[in-house]
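J.: Which chain is which? The protein sequence lines are A and B, in order.
Each residue of the first sequence is one higher than the last, beginning at 1 in this note's numbering.
Each residue of the second sequence is one higher than the last, beginning at 166 in this note's numbering.
No lab work stands behind these hints: they were computed from the structure.
All values derive from a computational prediction rather than experimental measurement.
Be aware that one or more of the hints could be misleading.
Below, a list of computed lysine to any residue pairs in the SDA-like style, where the Cα atoms sit at most 20 Å apart [claimed, not checked]:
| # | chain 1 | residue 1 | chain 2 | residue 2 |
| --- | --- | --- | --- | --- |
| 1 | B | K200 | A | L106 |
| 2 | B | K207 | A | F51 |
| 3 | B | K343 | A | E125 |
| 4 | B | K211 | A | R105 |
| 5 | B | K211 | A | G107 |
A few chain B residues facing chain A, derived, Cβ under 8 Å [stated by the list, open to error]:
| # | residue |
| --- | --- |
| 6 | L171 |
| 7 | A175 |
| 8 | I194 |
| 9 | I198 |
| 10 | V201 |
| 11 | L203 |
| 12 | I205 |
| 13 | G206 |
| 14 | K207 |
| 15 | A214 |
| 16 | Q217 |
Just so it is clear, CB atoms sit at the ideal spot from N, CA and C, and this is done for glycine as well.
Single-letter residue listing:
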Amino acid sequence: MAKTLLLGLGNSILKDDAVGLRVVRALGERMTREEVDVQESSFANIDLLDFLGGYDRLIIVDSIKTEGGKPGDLYRLNLGDLDSTLHLSCPHDINLATALELGKRLGIHIPGEIGIYAIEVEDNETFCETCSPMVEEAIPRIIDEIAQREQLNSSTSILDSKRLV
Amino acid sequence: MHSHILHFFALAAPDFVLGPDANPAERNILGLINKVGLDIGKEVIKNRAFAQETQKILAGRATHLVWSLPGGVSKGITEEERKKILEMAKVNLEFAKFGLKLFEEVVLKNQAYVDLILSDAYQTVTNYMGLVDRNNKVNFYDGMIRVVDTEAKEIAKFKPADYLQHIKEHVEPWSYLKFPFLKKIGWKGFVEGPTSGIYRAAPLARLNVADGMATPLAQEAYEKYFDTLGGKPVHSTLATHWARLVELIYAAERQLELVQDIEITDPKVRVIPNKVPDEGVGVVEAPRGTLYHHYKTDEKGMVTRVNLIVGTTNNNAPICMSIRKAARGLIKAGTIVTEGLLNRIEMAFRAYDPCLSCATHSLPGQMPLQVTIRDSRGKIVKKISRD
Chain A
1 MAKTLLLGLG
11 NSILKDDAVG
21 LRVVRALGER
31 MTREEVDVQE
41 SSFANIDLLD
51 FLGGYDRLII
61 VDSIKTEGGK
71 PGDLYRLNLG
81 DLDSTLHLSC
91 PHDINLATAL
101 ELGKRLGIHI
111 PGEIGIYAIE
121 VEDNETFCET
131 CSPMVEEAIP
141 RIIDEIAQRE
151 QLNSSTSILD
161 SKRLV
Chain B
166 MHSHILHFFA
176 LAAPDFVLGP
186 DANPAERNIL
196 GLINKVGLDI
206 GKEVIKNRAF
216 AQETQKILAG
226 RATHLVWSLP
236 GGVSKGITEE
246 ERKKILEMAK
256 VNLEFAKFGL
266 KLFEEVVLKN
276 QAYVDLILSD
286 AYQTVTNYMG
296 LVDRNNKVNF
306 YDGMIRVVDT
316 EAKEIAKFKP
326 ADYLQHIKEH
336 VEPWSYLKFP
346 FLKKIGWKGF
356 VEGPTSGIYR
366 AAPLARLNVA
376 DGMATPLAQE
386 AYEKYFDTLG
396 GKPVHSTLAT
406 HWARLVELIY
416 AAERQLELVQ
426 DIEITDPKVR
436 VIPNKVPDEG
446 VGVVEAPRGT
456 LYHHYKTDEK
466 GMVTRVNLIV
476 GTTNNNAPIC
486 MSIRKAARGL
496 IKAGTIVTEG
506 LLNRIEMAFR
516 AYDPCLSCAT
526 HSLPGQMPLQ
536 VTIRDSRGKI
546 VKKISRD
């Protein structure tokens, strides 16, 4: 059965920065599918190679700041868009795309399917354990949307779900 | 160890193995593997993972350790864990030796690279700071802070708790990060040379402040380093890569020594504090420099004030100066600014392995770079951005 890793990125004490962590945590709590694992992390780089092997699908939830973006908006990005998210590249590490390519070349079983969700945030610089109001308000909707798009609620497999649609 | 391994092989080595002017699409760890072989790539990943695993066994997590408690740590290691670490430590030492050999083969046997390291564009003449043991050998966890001047003469040696008597922080309106300097000399601006109060920390500095390394192979490597680079102090920013590999050898040897220490499995790992603390300063040598943690507490032991000077912060002013010097040295009137030339400037920045998102806890964890090229009258000729 296809195995999925649901990875939330962020810093739990930097206000909106925690939104990726909170979303995957909530998804994990309501999920019934055993083939989906949930992980929270402050970065996604070369460390991924230590635990990514064996998954067929990777879903990343991270925060993003775009010019003119509305806090709480949800974007679905491709691997090529990674440089614009907040935790997927770092001045003293390799970025996720390079890490995944490296893993492939080294013979590690890297997920063939990668989905990246980025949530527009307002304030990721203030020490605080709750998000700003607009982001806070958007969280339940974001959880539903990701769960639905990625079919994370159902106990049926992805193939079964596709048949139901 | 995992930080030094990653920095050298993933971020520094591509500049030398592929060349500073190589296509950026190839000038990375993937290009490195193409050039030196897949097996070396596997060794890099394996040894970095071993170093991470050792920290996980010791402290619960590989990054952001969760075992520190007032009076000690939350757990010791079992004999079974010790044996596991021992096996990994042996492999790590062999790999550290390989790293140094690779540097010698690729960099030192290529006179153009030696000349590049020693070229004026990459020299930043500063004071240096680092932790040393009682014999003035490099130490990462314990000892006294030693400061040497631009000629490697000791100008201060102090207990970590006295750091505020020796360090002050300058503020600039254009940076959210402070600029530490030596209090006794004072802030003289972004200037290098013997009158400057600016100091550097991290591998280059640690080797400059110490009288040697506390382990045999690292000592050998230390001697070769200074012999080749013209004696102490070494002011070349690019030599930081070599210094990093000397430290990797030391760390691997020390790890192997500690894991064979009879007391390493002693379950007495904590002394329960019986007094309410009021103030404390802790210092370690982090991969990117001397790391100061200073806490004050109230009568209940609750923290009321915190001051941190993290590794990269020590090097904030020198980073600015090294970039400026590289740019001035490499871009002259009429110079065509190529991608390779920009990379050569970035190499002055990259050698510090700066952790700017960690140093400030704000702004995106990515590194947008912008280069503004001006003519001799200050008029902007070109702007280049990498977001």
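J.: Would the stated hint for G206 (chain B) survive a check requiring a Cβ distance to chain A of less than 8 Å?
T.: It holds, given that the least Cβ distance between G206 (chain B) and chain A is near 6 Å, below 8 Å.
J.: Are the Cα atoms of K207 (chain B) and F51 (chain A) separated by 20 Å or less?
T.: The given pair, whose Cα atoms are some 15 Å apart, holds under the 20 Å limit.
J.: Is the straight-line distance between the alpha-carbon of K200 (chain B) and that of L106 (chain A) 20 Å or less?
T.: The given pair, whose Cα atoms are some 14 Å apart, holds under the 20 Å limit.
J.: Using 8 Å as the Cβ threshold, decide whether K207 (chain B) counts as touching chain A.
T.: Interface hint status for K207 (chain B): holds (6 Å vs cutoff 8 Å).
J.: Given I205 (chain B) was flagged as interface, is its beta-carbon under 8 Å from a beta-carbon of chain A?
T.: Nearest chain A Cβ about 11 Å off; hint violated.
J.: Holds or violated: the hint that L203 (chain B) contacts chain A, with Cβ atoms closer than 8 Å.
T.: holds, 7 Å
J.: For the pair supplied as a hint, K343 (chain B) and E125 (chain A), is the alpha-carbon distance within the 20 Å limit?
T.: holds, 17 Å
J.: Tell me if I194 (chain B) is really an interface residue toward chain A, meaning its C-beta lies closer than 8 Å to one of theirs.
T.: holds, 6 Å
J.: For the pair supplied as a hint, K211 (chain B) and G107 (chain A), is the alpha-carbon distance within the 20 Å limit?
T.: The hint holds at about 13 Å.
J.: Hey, does the L171 (chain B) contact hint survive, CB to chain A under 8 Å?
T.: Where the cut-off is 8 Å and the nearest Cβ of chain A is about 6 Å from L171 (chain B), the hint holds.
J.: Is K211 (chain B) within 20 Å of R105 (chain A), Cα to Cα?
T.: holds, 14 Å
J.: Does the interface hint hold: is A175 (chain B) within less than 8 Å of chain A, judged Cβ to Cβ?
T.: OK, holds: A175 (chain B) within 8 Å of chain A, min 5 Å.
Violated hints, in rising order: 10, 12; the structure is consistent with all others.
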